[in-house]
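Assemble chain U onto chain F, guided by the hints.
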Amino acid sequence: MNLWRDIKGTLQPFWITLGYLFKKPVTIQYPEEKRTPPPRYRARIVLTRNPDGTERCVACQLCSAACPVDCISMQAAEDGDGRRYAGWFRINFARCIFCGLCAEACPTMAIQTTPDYEICNRDLLKLVQEKEDLLIDGCGKDMEYNYYEHAGIGVANERGGNEDEYGPVDPKALVP
Amino acid sequence: MNELLISLILILVKLGLIFGVVLTMAAYLVLAERKILGRMQMRYGPNRIGPGGMIQPLCDVIKLITKEDFVPARADKWIFLFAPGLTALTALLSFAVVPFSPPMTLFGREIPMVVCDLSIGLLYLFGLSSLAVYGVVLGGWASNSKYSLLGAMRGLAQMLSYELSLGLALVPVVMTAKSFSLTEIVMAQSTWPNMLQHPLAFIIFMISITAESKRTPFDMPEAENEIVAGFHTEYSGMRFGLFFVGEYINLIVIGAMTTVFFLGGWNGPFLPPVVWFVGKILFVAFLFIWARGSMPRPRYDQLLRFGWKVLIPLALLNVVITGAIRLAMNG
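Which chain is which? The protein sequence lines are F and U, in order. The numbering used here applies: residue 1 is where the first sequence begins, and numbers increase by one. The numbering used here applies: residue 1 is where the second sequence begins, and numbers increase by one.
Just so you know, the hints here were simulated from the structure itself, not pulled from any lab data. Here a beta-carbon is modelled for each residue, glycine too, at the ideal position from N, C-alpha and C. Some clues are possibly wrong.
A few chain U residues that don't get close to chain F, going by computed Cβ distances all over 10 angstroms [what the hints assert, rightly or not]: (1) Ile6; (2) Ile65; (3) Ser236.
Under the rule of at most 30 angstroms between Cα atoms (straight-line distance), these lysine-lysine pairs were calculated in the DSBU-like manner [to be verified]: (4) Lys77/U / Lys67/U; (5) Lys77/U / Lys14/U; (6) Lys8/F / Lys146/U; (7) Lys35/U / Lys24/F.
This is chain F alone, in the form it adopts within the complex (with noise of 0.2 angstroms):
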């Protein structure tokens, strides 16, 4: 007879709900408690600068070409000695899904995602941001990465003069 078991079974989730009824619940209630988000955490998207303070960009496009939903745009420029930078760079994040497949294509480590999610407007073309509105004054998650003293055309050091770099290889020689 299985009278006892179904007893049981009917009366013992009354006493795990009365013992729930007295626990803090886990809500995090939002506008007045935040959440701390990871430190990699994708919500708004910065364009960031090298240690020394000039831009990281170099307007590759490579950013725009991963982006799924094509929401960045810029326009390369090149100032005296052949350095490229964006001339105009924007994001839409109205229409941006927060991948990170922007910042995972960037060569230059320019464009980087940031804990910030509270960018909600209700006007859209609030949500389009331009080159002023995304450039910080700092180097994002890589203090120290610069990129053209890793790589680069010549544009910082003479050819295969950077640091972790080859010369050149001389393709008419013997021996590689």
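Quick look at chain U alone, frame taken from chain F:
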């Protein structure tokens, strides 16, 4: 003439009082249910509007009133419009016979603290709860929707079959009080509440009344997971609100019925009778909310089988045993 006028005014005052108190209680019971269920699921429930969400019921009512009152195409329009009112009306009418305090003496007049002390109050309650089935069935049938129809059919079968065991569970109570009047039944419990005298009847009553009122775990007529919202799937705006408020008034009626029949009505030490009465109603309401937070919904055939094969024979047996004991004790 003067006497008649005073009686009329007294009845109207009592009516207004009960109406106001019951509707307010129903509105706040919704809030209480949402908050208690929330806490049982480790969340807060509504707490945004007013201190602790206390203005939430008002906002809900405003929302329901301002919503579109939609009648589906090819619905039976007049029955569709009429059914929700029937549910709320029968629930409200039940309160006419519920005594909430012993008779009071005011200015040398004895005023019974009940709108109408019918000598067949118990039968009146049963009649109204049978009528409440019509709200469900007509609403579901007139909606011209398969889910509504399924819900209505379930509601019909369930409410009718559980009415039997409900009635049988109350026979021992009537035996003890020797009366159908609710006031008499409460008076008969001044020493011991019926819950202790007839524990089996109490359990059968609680189970049957849950099924009768379509509350979880027996809410098959409106089982959200299977048939959207059952008989009120097609309702919107204040008509849905009437179904909703009817359900919560019904919860208070159930609380009052349980209190009167089994928990000893207004009887209790120290506190004034009305406080005891309302406190017991709220306690029963809490029991039902608690059950909603704890129990899963059984299958429909299991529900009917349980009613017909277990509860009704058990209730019949209980009637026989109670009768035999009373006969043996009184000779």
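Right, here's what the structure says about each hint:
At the 10 angstroms boundary, the C-beta of Ile6/U stays outside the reach of chain F, the nearest C-beta of that chain being 48 angstroms off. The Cβ of Ile65/U sits about 27 angstroms from the closest Cβ of chain F, beyond the 10 angstroms cut-off, so the non-interface label holds. Non-interface call for Ser236/U relative to chain F: holds, since the shortest CB-CB distance, roughly 28 angstroms, exceeds 10 angstroms. A threshold of 30 angstroms between alpha carbons decides the hint, and for Lys77/U with Lys67/U the separation of about 18 angstroms falls inside it, so the pair holds.
At roughly 35 angstroms between alpha-carbon atoms, Lys77/U and Lys14/U are farther apart than 30 angstroms, so this suggested pair is violated. For the given pair, Lys8/F sits about 37 angstroms from Lys146/U by alpha-carbon distance, which is inconsistent with the 30 angstroms threshold. Pair hint Lys35/U plus Lys24/F holds up; C-alpha atoms about 13 angstroms apart against a cutoff of 30 angstroms.
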